[in-house]
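Enquirer: For the sequence shown, numbering that gives the first Met the number 0 puts the final residue at 537, and the numbers step up evenly by one.
Among the hints, a few may not be true.
[To be verified] For lysine-lysine, the following DSSO-like pairs were computed, each having C-alpha atoms within a straight-line distance of at most 30 Å:
id: 1; residue 1: K77; residue 2: K92
id: 2; residue 1: K106; residue 2: K75
id: 3; residue 1: K75; residue 2: K190
Bear in mind the hints are in silico, worked out from the structure with no lab data behind them. On a predicted model such as this, the values are computed, not experimentally measured, just so you know.
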Amino acid sequence: MTRLAIALLLAGQVAAPPVFRDITAAAGIVWRHFNGLSPDRYLLESTTGGVAVLDFDNDGLMDLFFVNGGETPRGKSKTAVRHALYRNLGGNKFADVTPRSGLGATKFYGMGAASGDYDNDGHTDLYITGYPSGALFHNNGDGTFRDATAEARTANEGEWGASAAWFDYNNDGLLDLFIANYARFSYSDAKRCEFEGKPVYCAQTAYAGRPSRLYRNNGNGAFEDVSAISGIASQPGRALGVVAVDFNNDGRQDLFVARDASPNLLLRNKGDGTFEDLGLEAEVAYNADGVARAGMGVDAGDIDGDGNADFAVTNFDTEYHALYLNPGRLPFREATVSSRLAEFTQPYVGWGVRMIDYDRDGDLDLFIVNGHLHEMIAQSNRTVSYREPPLLLANDGKGRFTKAGAGPAFDQRYLGRGMATGDFDNDGAVDAVFVSLNDPPVLLRNEVRASNWLGVRLVGTRSNRDATGARLTLRSGARTLTRWITGGGSFLASHDRRVVFGGVTLPASLEIRWPSGLRQTVTALATGSYHEITETKE
0 MTRLAIALLL AGQVAAPPVF RDITAAAGIV WRHFNGLSPD RYLLESTTGG
50 VAVLDFDNDG LMDLFFVNGG ETPRGKSKTA VRHALYRNLG GNKFADVTPR
100 SGLGATKFYG MGAASGDYDN DGHTDLYITG YPSGALFHNN GDGTFRDATA
150 EARTANEGEW GASAAWFDYN NDGLLDLFIA NYARFSYSDA KRCEFEGKPV
200 YCAQTAYAGR PSRLYRNNGN GAFEDVSAIS GIASQPGRAL GVVAVDFNND
250 GRQDLFVARD ASPNLLLRNK GDGTFEDLGL EAEVAYNADG VARAGMGVDA
300 GDIDGDGNAD FAVTNFDTEY HALYLNPGRL PFREATVSSR LAEFTQPYVG
350 WGVRMIDYDR DGDLDLFIVN GHLHEMIAQS NRTVSYREPP LLLANDGKGR
400 FTKAGAGPAF DQRYLGRGMA TGDFDNDGAV DAVFVSLNDP PVLLRNEVRA
450 SNWLGVRLVG TRSNRDATGA RLTLRSGART LTRWITGGGS FLASHDRRVV
500 FGGVTLPASL EIRWPSGLRQ TVTALATGSY HEITETKE
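Throw the hints in and build the complete structure from the sequences for me.
Expert: Below is the structure:
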């Protein structure tokens, strides 16, 4: 930067460049979300809007899939309600390829999406959650998908499915499917609540929580519902978000389930096909007053640089979004206040949340989308608004955040719901996309330039092909950075599975602990590019 430019900047005459730029319209994305808003105010209407970042055609560019809600008995659309698949053309341009794909419509009200190669054929498949069922779409490898729900036996029939996660809980090299089920619901049993004579959404406690489901992949295209024998079915509650990660470093993927006015679950994988809930022992189930918060989204990553998986959970306004630091033993340490997360999130209702290193300094930051449920909330609480801005919080490397000046998009207000991340232009800067109720989605390009990064795409052989569950440890100079390829994460969303390391100095070495248990070390890694690493045979 020239001396003149610096002087003008200091004088306030030159605005700092945005960290993220809204490129939605320029990218060619014109799809719009529809939630079936009606006088009945079905709670379902307020929680929809999923998104997946996936490379469905294996051209090395991340594509986008948006999940629409649907019509309700008195909430009708003037046009056909459809989901949307956008193919990445490069150059920050996308083309709507929905009609040919076979993904445009489902017979149920849509919620979220989870992508994963469940049959290890090299093509990314897609599960769509919703009410009163969900659907599994098999990627045919020619740009089209077919509905494989019946043969796979993964309909989640009769349930209100929210987020979902592909993960290999039994380490057999096949991705299994966890579906976070929310509540008992029926259009014929509308809950009636009013504020100043106008209909509003009733509290979530008016709806009884339901058990989530776990489907084990049998490897022949079919799945078995193991919710009961695994112990998952014994934990009913209003589940919304889920992330799969090995929190205790025993080589098995565990689950953190964010639940709404139900205690959060920390499900330890016991390695014998069953899970036990350690939420109470970990002190993540309730707040300090013994009250279950309104957990929506959840993500996992190493916030404080100690090599252990920490958790961030989005909650309702005045509850604060929560940060749980993992010291490598139970209980976890809640750092919601000390991290300043409470300070920044007090007025917001949070949904999607991701730990990303947006500035590539080696520390995981927080990106959060918010949006209230109640249109008239400002009339009863002037400190809270209906539409709310997203947040970008920069991490100092020790788990303390400052609010980043992210650009004009972060001064706007939305009804944010599902949010996913991925590097759409392969420049090593992680981008983001989120859905806003009854509006177009928002595609944000990360414009932070840096060369001290390297990216990794893992391909499993003995492990599941997506390498979901892998732990990656990069040693670079005096720093050690730990990342995981997680299942699920955020809210109603699925993400680019590539891992980007920032703040890299050479030489660097990468140790991979694959889900199979194999340990593999890779050296001679160059910065400024992605590296595809295939699991060795031995």
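Enquirer: So, for every hint listed, does it hold in this structure?
Expert: Verification of the supplied hints:
1. K77 <-> K92: Measuring from Cα to Cα gives roughly 28 Å; hence the hint holds.
2. K106 <-> K75: Between K106 and K75 the Cα gap is close to 15 Å, so the pair holds against 30 Å.
3. K75 <-> K190: Holds, at about 19 Å.
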